[in-house]
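Residues per chain are reported as follows:
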Amino acid sequence: MASKVIQAFYNDDDVLMHAVKKVKAAKHHIEEVYCPFPVHGLDKAMGLEPTRIAITSFMYGCVGLTVAIVMMNFIMIEDWPQDIGGKPSFSYIENMPAFVPIMFELTVFFAAHLMVITFYLRSRLWPFKKAENPDVRTTDDHFLMEIEIHDNESELRDLLSGTGAVEINISEKDLH
Amino acid sequence: MYTVSNRLKIGAIILMALGLLGIGFGFLAAPSSIEESKAMMASHDDGHGDSHGAETAHGETDAGEHAMTPAEHDEHVFHQLSNKPWAALYVAAFFFFMIALGVLAFYAIQRAAQAGWSPLLFRVMEGITSYLVPGGIIVFVILVMSVLHMNHLFVWMDAEVVAEDALLQGKAGYLNPTFFLIRAAIFLGGWIAYREYSRKLSLAQDESDDNSNFKLNFRISAAFLVFYLISESIMSWDWIMSVDPHWFSTLFGWYIFASMFVSGITVIAMVTIYLKSKGHLEEVNDSHIHDLAKFMFGISIFWTYLWFSQFMLIWYANIPEEVTYYVTRIEDYNLPFFGMVAMNFLFPVLLLMNSDYKRLNWFVVMAGVVILAGHYMDIFNAIMPATVGDQWFIGIPEIGAVLFFAGLFLFWIFRALASAPLQPKRNPFIEESRHFHY
Chain A
1 MASKVIQAFY NDDDVLMHAV KKVKAAKHHI EEVYCPFPVH GLDKAMGLEP TRIAITSFMY
61 GCVGLTVAIV MMNFIMIEDW PQDIGGKPSF SYIENMPAFV PIMFELTVFF AAHLMVITFY
121 LRSRLWPFKK AENPDVRTTD DHFLMEIEIH DNESELRDLL SGTGAVEINI SEKDLH
Chain B
177 MYTVSNRLKI GAIILMALGL LGIGFGFLAA PSSIEESKAM MASHDDGHGD SHGAETAHGE
237 TDAGEHAMTP AEHDEHVFHQ LSNKPWAALY VAAFFFFMIA LGVLAFYAIQ RAAQAGWSPL
297 LFRVMEGITS YLVPGGIIVF VILVMSVLHM NHLFVWMDAE VVAEDALLQG KAGYLNPTFF
357 LIRAAIFLGG WIAYREYSRK LSLAQDESDD NSNFKLNFRI SAAFLVFYLI SESIMSWDWI
417 MSVDPHWFST LFGWYIFASM FVSGITVIAM VTIYLKSKGH LEEVNDSHIH DLAKFMFGIS
477 IFWTYLWFSQ FMLIWYANIP EEVTYYVTRI EDYNLPFFGM VAMNFLFPVL LLMNSDYKRL
537 NWFVVMAGVV ILAGHYMDIF NAIMPATVGD QWFIGIPEIG AVLFFAGLFL FWIFRALASA
597 PLQPKRNPFI EESRHFHY
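Keeping their order, the protein sequence lines are chains A and B. Residues 1 to 176 (our numbering) are what the first sequence spells out, left to right. Residues 177 to 614 (our numbering) are what the second sequence spells out, left to right.
Treat the hints as calculated values from the structure; they're not laboratory data. As the structure is a prediction and not an experimental result, all values here were calculated from the model. The beta carbon of each residue, even a glycine, is placed where N, CA and C say it ideally should be. This list has only true hints and no planted wrong ones.
Label pairs and their in silico Cβ distance ranges:
{"id": "1", "chain 1": "B", "residue 1": "LEU511", "chain 2": "A", "residue 2": "TYR120", "range": "44 to 50 Å"}
{"id": "2", "chain 1": "A", "residue 1": "LEU48", "chain 2": "B", "residue 2": "GLU497", "range": "55 to 61 Å"}
{"id": "3", "chain 1": "B", "residue 1": "ALA289", "chain 2": "A", "residue 2": "PRO97", "range": "34 to 40 Å"}
Okay, chain A solo, but in the shape it has when bound:
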């Protein structure tokens, strides 16, 4: 099913922020905002739910820490016991200081990489995917606010032109 959307272009992030607040205050639902760079506080102004990626990051970090401990215990203690720093105790806990850098690095490594992968999956991004942004200028120097039209085209047009939009278009869009 296709629907009509109105697209307002802005060339400044501060103007965009004020426009978003104004549109929200007029109780319209903003479909999406396309930006060339992340705009601080935009998610709150749009009323988006807070991200839960921090929770996944914490869990991935715990996985990384566990992997590091199990791996170092197997490599350095069980499989081929090593005399570390002239202290042949062959116990993980007594040699723990030597493993702390690895435990730290793998925690960070797992948290960072798995968080990025999660973000890609959640945003439905994969290689060769067709770009979703309706106008190439949103990758350069323009911001685009998209609002779905429900028989209120002129009302929306009046509202948006009063918010400092540099261009307003109407376009057809496939709903996902």
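Given the structure of chain A, go ahead and fit chain B onto it with the hints provided.
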């Protein structure tokens, strides 16, 4: 304009009075002769054998050449016990001084960076740094008393010890009482001079009609940071590391800096929250507290990073003259040594990791109390093993000294806070600070 409430004033005075009693008790309870010290040890009878003598830092100087005879051991314990009230006093005096010095560094960084978020907190920081004057003078007086042999916190000041110690003779060009006091005077003078001048410019900026005071403050702050980095490092070698004069660590200056920085930021957050709860600093919002809590979280991790870096290299290399430092701490100070890592690392990391908790005032205060106690333990662990050995205890002299300096600190900083309006008027970034939001 803020006025100090009577409750706070009386509370601070009571703390000081209780503290003085505790300190006085500590000095009276210290043994005045070897016989008295022997009697005290016998009455304790805590079953510690003679084996410990070789492990303590003092033992390291003597026991290298010959094993201790019982008489020498008694004398050794006597010295440790007579050091105890002095060490307790010194640790607490330095700890509260270090808070003010950490805040001074934070303040100078805000000035030099022309930070937009923090000008609303400048008066709070200036209030806390006012303690540099009394705190610095007290620390200096204790150092002078050490030089005058009224206490034996620094073994290298003892000419008899140096005469038998080739390493200390080699270091005598640097570690000698005169140069030591000259350095201390230069550092304290520099820190206090910057503090007073920057405060003057900060107040003058409110009344002026251009930004010249602000710009001058920016320039002197940038210059001060260069002086501070050098002087703070040398101060940490002089005032703390030199109690173990054979041992050295090249990142010690950073390590102590991390401790004072995180304690200072914690106190800024706590004083701000207190003033806000009393209805002052209306324009300070959750985001300012959030930023301070982020610093508390981040610098706690930074401290741990340095603590561990110092420990791991020495543990790995296992060189006898370096590793004694940690052997003493792990054998005789096991609980405070590892307890402080839990307080300074695990606790803040787990409590302050969540973004929302950094905005809850009571959460920040709770984490702050643990961080401050943890960094007191950090200084305790740095000073005590070399001065009192395994005779340490957190008893009346230690708690008394903390109470006394806590009272003096509160009394002094709130007096300074009440002496000027709590919100700067004409700082060029004050608008940005008022609208600061995350």
